[in-house]
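J.: Residues per chain are reported as follows:
There are 2 protein chains.
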Amino acid sequence: MPRFRHHVFICENRRPEDDPRGSCGAKGSAAIREAFKAELKKRNLKGVVRANAAGCLDACAHGPSVVVYPEGVWYGGVTPADVPEIVESHLVGGRPVERLLVREFAAHSRVLSPREKAPTD
Amino acid sequence: MPRFRHHVFICENRRPEDDPRGSCGAKGSAAIREAFKAELKKRNLKGVVRANAAGCLDACAHGPSVVVYPEGVWYGGVTPADVPEIVESHLVGGRPVERLLVREFAAHSRVLSPREKAPTD
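Keeping their order, the protein sequence lines are chains A and B.
Here the first sequence is numbered in the working numbering, starting from 3 and rising by one per residue.
Here the second sequence is numbered in the working numbering, starting from 3 and rising by one per residue.
No wet-lab data here; the hints were simulated from the structure.
Copies of the same chain are indistinguishable here, so a pair counts whether it falls within one copy or spans any two.
Here are the simulated lysine to aspartate or glutamate pairs, EDC-like style, with alpha carbons at most 16 Å apart:
id	residue 1	residue 2
1	Lys-29	Glu-19
2	Lys-44	Glu-87
3	Lys-39	Asp-60
4	Lys-48	Asp-60
5	Lys-43	Glu-87
6	Lys-48	Glu-36
7	Lys-43	Glu-90
8	Lys-39	Asp-84
9	Lys-39	Glu-90
Pulled out of the complex, with its shape left as it was, chain A reads as follows (with noise of 0.2 Å):
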């Protein structure tokens, strides 16, 4: 086993209030990785897939973002009501939730789906 089957940085970078980029952490991500904690202890899975806090993922445009590793799948615009998705679709069923995902950076990672290869129309 590796160190830890999945593991999710959750970006809580903060900024400061006028800065136009906004940030992360002023959007409630550690919410997010409460969630996470919440429900991974829920389902028995502490130590075996860790909910992180991060510095900034620079995926500002996206946030909150998160990035689930080994696999390398983004997530962006999550919440804490999409967090019992994630953990039973991807981090217990290998499914990411595609609704979610960050599809710039997700051109070419390993859980392509067949609909994200589909032209375009």
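Starting from the structure of chain A, add chain B where the hints point.
T.: Chain B alone, transformed into the frame defined by chain A:
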């Protein structure tokens, strides 16, 4: 290309001075991240390899702790002086720095081949 070829997380968790567990932040990990940033910039790897602050990585006994994804290689007892070697050997050359590995986390980590590190699409 994935979002980052390597995503390096440096634990910057800081506990109160009297906490017996100590903390990576109190052991000077902010300077480790600065060293990574400087070295990556020097090698024109900004945007390709990211040095990221992280909260507690749950590897306190080995701190200052650093984990590199997607390969899940863990380093412990890292100092700023070690950073050029990590960049040169591991992040550029694909050979993790043996003497800094956290052995108990290393059993099944996967090191990318040069081909995997540089997709040609």
